[in-house]
Amino acid sequence: MMQDGIYKNAPVSSKGRELIKVVAGEILDKDSARFRLEKLLFDWIKQLAPVLKQLKRLPINLSDHSQIFGLIEQIDQMRSNFDINREADDFLNSLKYALHSNAQHPVKTAILNTLQGQWESYLRNIEGYLIGRQYVAEHPTVMQRLTETYKNHQSYLQNCAEELVQGKSPKNPEKLTKNSNFLDMDLRGQ
Amino acid sequence: MTKPFIMDVNISSKTIDKPSFLVLDCFFENQQNKIELDYAHLVNKINKPLNKTDIDMLVIAAVVAFADRKKLRPQKWARQFKLKIPVYDIDVWQTAHKQLFDCLNFLTGDRWHFEFIANTFHFENMIEPELQTIKTSEPVAIIPFSGGLDSLATLHLFRIHEKHTKPLLITVNTNHNSRKLSFNTSRIIDKLDTRVSVSMKLSGRLDEISYRSRVFVFFMVAAITARLSNTQRIIIGENGQGSIGAPLVSVDYPYHSLHFGFTKRLHDLLSQLWDNAPFFEHPYIWQTKAEVLQLLLSNSSEIDWNKTISCSRLRETSIQCGICSNCLLRRLALTTVGLENLVSENYLWQDLNAPTLEAALKHTQKNLNTEINIASRAIVSHEQFRKINPSIQSYQQIVCELEKAGQQQVEEKINRLIKCHTQEWEQFLNKLNPDSWVVKVALGRA
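Line order of the protein sequences matches chains A and B. The numbering of the first sequence is this note's numbering, which starts it at -3 and goes up by one. The numbering of the second sequence is this note's numbering, which starts it at 109 and goes up by one.
None of the hints are false.
Some, not all, of what chain B presents toward chain A, calculated at C-beta under 7 Å:
1) Q183
2) K184
3) A186
4) Q188
5) D210
6) G217
7) R219
8) N481
9) R485
10) V488
11) Q492
12) I500
13) Q501
14) Q505
15) V549
16) G552
20 Å max Cα-Cα, derived DMTMM-like pairs, lysine to aspartate or glutamate:
17) K11(A) / D360(B)
18) K184(B) / E83(A)
19) K184(B) / D39(A)
20) K184(B) / E116(A)
21) K49(A) / D39(A)
22) K512(B) / E69(A)
23) K42(A) / E83(A)
24) K190(B) / D72(A)
25) K495(B) / E116(A)
26) K184(B) / E14(A)
27) K184(B) / D79(A)
28) K548(B) / E466(B)
29) K548(B) / E134(A)
Note that these hints are calculated values from the structure, not bench results. Since we're looking at a predicted model, the values are computed, not measured. Beta carbons: idealized from backbone N, C-alpha and C, even for Gly.
Using the sequences and the hints given, assemble the complete structure.
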């Protein structure tokens, strides 16, 4: 069995703590856990919507590859047109790297890479916390579940990225992942 | 929208009795604090007056450092600064604004906006050429010198390999300990006294500890010294684990301070300020700290490694903590090359073989939880670096940055670095007791 309250002192945002709470199986009602997980993922992705809106306000045609690739030298100057937050900076950095590596769909690639990079950084942080606080028994399970959470929702993230590129609002994952069995496992069982 | 940190700066100075001393009055959020900039040592050592651009660079660097330390970071990391700074050459700085913004944004993850206004302070009052103590007619290279192991190794190896070039050691003193540390270390190992120092005293409470702009200040002073010494060479003595490993495993905004991504941007900024701007060399960026030390040992038998200080938290404890990421890397390197038997140096967390974190603590510590978090983070970082997967974003991004800065075969070099680090780290863990708290944390069985 896992200890209770693992999430309490985690050095992450309140939403990050809630995610740990879900994957540590501290929300016993599965429907409630699923609902919270979906909302957390949805809120996380939604944070990029304003960034994409700001990108679309720029005088460039995002479906014109030559115009997008022309941005590579201007991205750092473009920052002043964006909100001051980590999402915007991460996205612009990812866009720069996507352009540098000649990604076929640089904006979509940048969205997905931003999300992946944030998730990886989050996992590193949580790993340090779990070990430091001596949640050693819980560490492998929590990390595995967090990794699975990301993997299980990759197609959802892909769809969201596509929608964001098209200027649409991403859909709640419930509509896309209701058949997912991620939360059907016995989360308290290990 | 994040509220910007707005600050206006005025310059005053004790013009008659201390010409190479500037006082910057900083006005922000209904408060006023001072920055005291003392560059007399630099001027006297080089025996050349600073020009107007040099003064502007020092002022900008000091104001950036002050703002960076003053404004606490929000949860989402990035802050916005709007700084009104007096400079002598407004046109030059407006031309260089893009490069300055790019450089600082990349380094700190913040948005820096500058409004440059005319510095009406009488320039002639700011120069003070005195006795010549360093001959600048011979070839010179600049080494930013922190007083740590890497600084020492870089200086020794430079002396061995470049006998006809004089190294000039640069320090920037922001507190008493940093001055004492870097000066003492450099004096011990450098009998010729080719140290150059600028003192920067920031007043008031400085709550923000991330202080990512630290190297901007350090390297700007190095660049001024390079220009005054007619050299284009600045040697950065950081090893690969610090330069490449740290941004790969960072949990906050990536630590970009010590690799080509940042120094290329800084070079681009300096190129806007004068012709033949200096280049930053990173001779040990693809080697582990232990490899650099080994290289030093194979070239020199007398090494004052125990006079150096690696701990970044020294001002809090007066002795090296022994468990922060800098200290742990130091102990890993010393152990790898056979210089430390794990108990020979005095650390706050002395005993790496103790069965628990608490038992490893040599002195009473007020905030044990914080110490445990720092120790765990350091150990986990070594493990995470060992296990880095090239598909992760931080890996992809650093490859991109280094390739853009002109580096070749970046992935191969990073992979070799990780392999070496892995070997050293595993050997280090094997040398510890199986019941050691370090081993337990590293292997996840505390």
